[in-house]
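Assemble chain B onto chain A, guided by the hints.
Protein chains in written order, with numbering that gives the first Met the number 0: chain A, 0 to 291; chain B, 0 to 432.
Because the hints were derived from the structure by calculation, they are not lab data. All residues carry an ideal CB built from backbone N, CA and C; glycine is no exception. Check the hints yourself; a few may be wrong.
Claimed, not checked - Covered by chain B, per the in silico footprint, the following chain A stretches (three or more residues, Cβ under 8 Å): (1) 34 to 44; (2) 148 to 160; (3) 244 to 255.
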Amino acid sequence: MKRVQFGHSPVPYLFVAPQIIIIAIFFLWPAAQAVHQSFLLEDAFGMSSQFVWFRNFNDVLSSPSWLKSAGFTVVFSSLVAVLSIAISLFLAVRADEVIRGAKVYKTLLMWGYAVAPPVAGLLGIMLFNPLMGDLYILFNKMGLDFNHIQNGNDATFVVVLIAVWKQVSVNFIFFLSGLQGIPKSVTEAATLDCKSAGRRFWTITFPLLAPTTFFLMVINLTYAFFETFGIIDVSTKGAPGGSTATLVYKVYVDGFLGADMGGSSAQSVLLMIMVSVLTVFQFRFIERKIHY
Amino acid sequence: MFRKTLMAAAALFAMANTASAATEITWWHAMDGALGDVVNHIADDFNKSQSEYKVVPINKGGYEDTMTAGIAAFRAKNQPNIIQIFDAGAATIINAKGAVYPVQDLLEKYGTGFDINDYIPGVRYFYADSKGKMIGMPFNSSTPLLYFNKDALAKAGIQNPPKTWQEFEEMAPKLKAAGYEGFAESHSPWIFFENFMSRHNLQMATANNGYDSTDVKILYNNDDLKNHWKKMKEWKDEGYFGYYGRAWGANQDAFLHQKAAMWLGSSGSFGGLRKSATFDFGTSTLPYWKGVGDAPKSTFIGGASLFAFSGHSDEQNKGVAAFFEFLTKPETQYYWHKETGYVPVTTAAYELAKKDGYYKESPDAEVGIQQLSEEGGKWTKGYRLGFYVQIREVIYNEVDKMMNGEETVDQAFDVIETESNKLLVRFHDTYSN
Chain A
0 MKRVQFGHSP
10 VPYLFVAPQI
20 IIIAIFFLWP
30 AAQAVHQSFL
40 LEDAFGMSSQ
50 FVWFRNFNDV
60 LSSPSWLKSA
70 GFTVVFSSLV
80 AVLSIAISLF
90 LAVRADEVIR
100 GAKVYKTLLM
110 WGYAVAPPVA
120 GLLGIMLFNP
130 LMGDLYILFN
140 KMGLDFNHIQ
150 NGNDATFVVV
160 LIAVWKQVSV
170 NFIFFLSGLQ
180 GIPKSVTEAA
190 TLDCKSAGRR
200 FWTITFPLLA
210 PTTFFLMVIN
220 LTYAFFETFG
230 IIDVSTKGAP
240 GGSTATLVYK
250 VYVDGFLGAD
260 MGGSSAQSVL
270 LMIMVSVLTV
280 FQFRFIERKI
290 HY
Chain B
0 MFRKTLMAAA
10 ALFAMANTAS
20 AATEITWWHA
30 MDGALGDVVN
40 HIADDFNKSQ
50 SEYKVVPINK
60 GGYEDTMTAG
70 IAAFRAKNQP
80 NIIQIFDAGA
90 ATIINAKGAV
100 YPVQDLLEKY
110 GTGFDINDYI
120 PGVRYFYADS
130 KGKMIGMPFN
140 SSTPLLYFNK
150 DALAKAGIQN
160 PPKTWQEFEE
170 MAPKLKAAGY
180 EGFAESHSPW
190 IFFENFMSRH
200 NLQMATANNG
210 YDSTDVKILY
220 NNDDLKNHWK
230 KMKEWKDEGY
240 FGYYGRAWGA
250 NQDAFLHQKA
260 AMWLGSSGSF
270 GGLRKSATFD
280 FGTSTLPYWK
290 GVGDAPKSTF
300 IGGASLFAFS
310 GHSDEQNKGV
320 AAFFEFLTKP
330 ETQYYWHKET
340 GYVPVTTAAY
350 ELAKKDGYYK
360 ESPDAEVGIQ
370 QLSEEGGKWT
380 KGYRLGFYVQ
390 IREVIYNEVD
400 KMMNGEETVD
410 QAFDVIETES
420 NKLLVRFHDT
430 YSN
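Same shape as in the complex, but just chain A (with noise of 0.2 Å):
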C-alpha cells in the first residue's frame, strides 16, 4: 500500500514550537545534566570534578539503604495505585446510581482533589499524632498496638493511606465522567438480558470503562512514585530506619540535603528507567487488551 504523502508547510511546527521548547527546557535538558552528573564525582560548589565511570551507579546499587527503598517504592506504588483505583471506582459507581442530592455527593466526593500532598501529609500526620491525635488513639483503644512511629508496617500503612485518600478524589472524577459516557441504551439493554447488577457490571461497565481505569492507572502510578513527595516530608521522612523512604525522597535526601551531586544523580537516572520501563510495558502489554 502506498502511503499517503502531503506537502509539508512550516505551520504545525510553528504551533506545536512552545510546547517542545518547554520539554526541551525543563525536562531534556536537566534529564540530560542528570545523566551528565551521575558519571562525575563533583564536589558541591563545582570547583573539582572527575569522571568516575560507572563508580555512582555502582555505590547506589550496592546500598543497603537504596534497595530497601526500592523495594518500598514497588510495594507502596502498586498499594497506591490499586486501592485508589479500586476505592474510586466503587464510589463513583455507587454515586451515579444516586439521584436524591448526586449532587452534594459528588462534590464532596471531589473536594479532595484541592488539597495539596504537604497538607495532606500534615493532615494524615495529626490524625497520627501520638499525643493527641484521634485515630492513633482509636486504634490503641481498639487494641491494636499502633505504632507508626517505630513499626515499619504501621508507617507504610499511614503514608498509603494518607496517599490514597489524596488520589481518590482526583479517580473519582475521572471514572464518574467515564461512567457518564455510557450511553443509556446500552444499560438499558443489558438490564433487559440480564438480571445480576454485579455480572451487568463486570460485562458491561467495566470493560467499557476499561480506557479510563488504564489512563488512571499509568497517572496513579506516577503520583505515587513522585508526587507523593510532599506526604512522605512532611509525615514520616522516611522513618522509622528508612522503612517509607521512596526513592524521590531518598534522591532529594541524598541531594539536596546531602549535596552529593554525582550519587543523587544516579539514583535520579536509576529511577528515570524504572519508569520509563514500567511507562513502555503498560502500553506494550496492557494497552492492547483495552478496547476503545
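Frame of chain A; chain B shown alone:
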C-alpha cells in the same frame, strides 16, 4: 505645580542616589519566625550605625535549603556575600577549596584584626581548619541541655536533676511511679553521638576528628557508646525513656504535655519553651557517665556559622568584614543571646551579660554557656566529617531499628560504621583532588 513635581522628583532622585551609594551586602540565612525577626533587627541596627554598607538579610528556609540555595547560586556565579551554614554542612563548604574567604583572613585584611582568643573556648576551633585558622564565623551557637519539669521531679520526691546517668538510673523508677517517663530527647545523632563523644572526651574519628584529612574513619563503633545505647534500649523497655521517633517536635511535645519529666534539647530551645510550657521548668547540663572517658568535658557547639563567599569585590568584602565586626561586638552578641537563647560567642559578650545581671534574673539562660566553658579535652574542639548529613541519616535510621528491636545495638553500630565509612570514602574521593 510642574516645578514642584520636578523638584520633588529631583529630591527623590538625590535620595535614591545616596541610598544606592551604599554598597549592598547580601546575607542568606536559615533563621525564620521569631529568630528571623531578630536577624532583621540586627541587620537594621548595622545599617543605621553607618552609611557605607547596607546588609540585606534574606531567609532561604531551613539549614539544608539555605545550603542548597547557596550551592546553586555559587555554581551560577551569583553567590551572596554571606551565607549561614550549619554544623553538619561545614565540611562540604570548607573542603570546597576556594569557595569561601576564610573569616580570619578577611578580618585581618579588611577589618581591624583578628584574635581567636576573643572567642569562648568551645567555639574557637569548631569552624577552623587543621592549622587553627578560623574559616567560618560562629554565629548561632547552641549546645544540648537537659530541661526538667520541676513539678514532676517534686512529685517523685527528687531534689535535683541528674548530673550523671548513674544518678538518672536511680531516680527513673521514682519518676515512673509518679506517672512520668524519665526523659525524652530530640536529635539522637547530635546529642547521643557527637556530643556523647565530646562530653566524655572520646575520639570521634581518625585524623584528628577529621580536621587533618578527608581520609578518615569514624570511631562510633566503641564499647562506651554502645553501652550507653544498650542502656537506652533497656530504659525504653522499662518505660524510663520515651522514644517518639526522629522528629524534633514530637519529642519536645512529650515534655510539654508532661508525659516525659525531662527532655534533652538545645540551649536554643529555651526562648520557645519559656513561651509554651504551662509548668515551671529548669535547665541543667547534659548528663554523663561517671567513669567513662574523662567526663565531664565541654560539649560541642551546634547551630551554624557565617561564611563569606569568595568572588566578590574588595569593596564588598570590606563591608562583610565591617558587618562581622559589628556582629561580634559585645552589645550585639548580648542582644542575640537574650532574644534567642543562643550562647554569646565572645568572652566580652559573656562578661557583659554577667555584669548586666542577666543571669541573676534568669539563671537558666547561663547553663548553656557554662557547659561550653567547661574544661576542654583533646577531643572536644569539634569534628570535620564529609557527607555528615547522610551519616546523621544513617544514625537516625539505626536508632529507629535499635529502639523497635529490629536490630540489636551491636548490629546497628556495625551498620553505622560500615555505612558511614563508605560515605567518608566517597567524600574523600570527591574532594581530595
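Now for the hints, and whether the structure bears them out:
As drawn, the region 34 to 44 of chain A meets chain B at 5 residues by the rule of a beta-carbon pair under 8 Å; at three or more, the given contact holds. Under the rule that three or more residues need a Cβ within less than 8 Å of chain B, the assignment of the region 148 to 160 of chain A holds, with 4 such residues. Figure legend: the region 244 to 255 of chain A, annotated as covered by chain B; annotation consistent (3 residues with Cβ-Cβ distances under 8 Å, at least 3 required).
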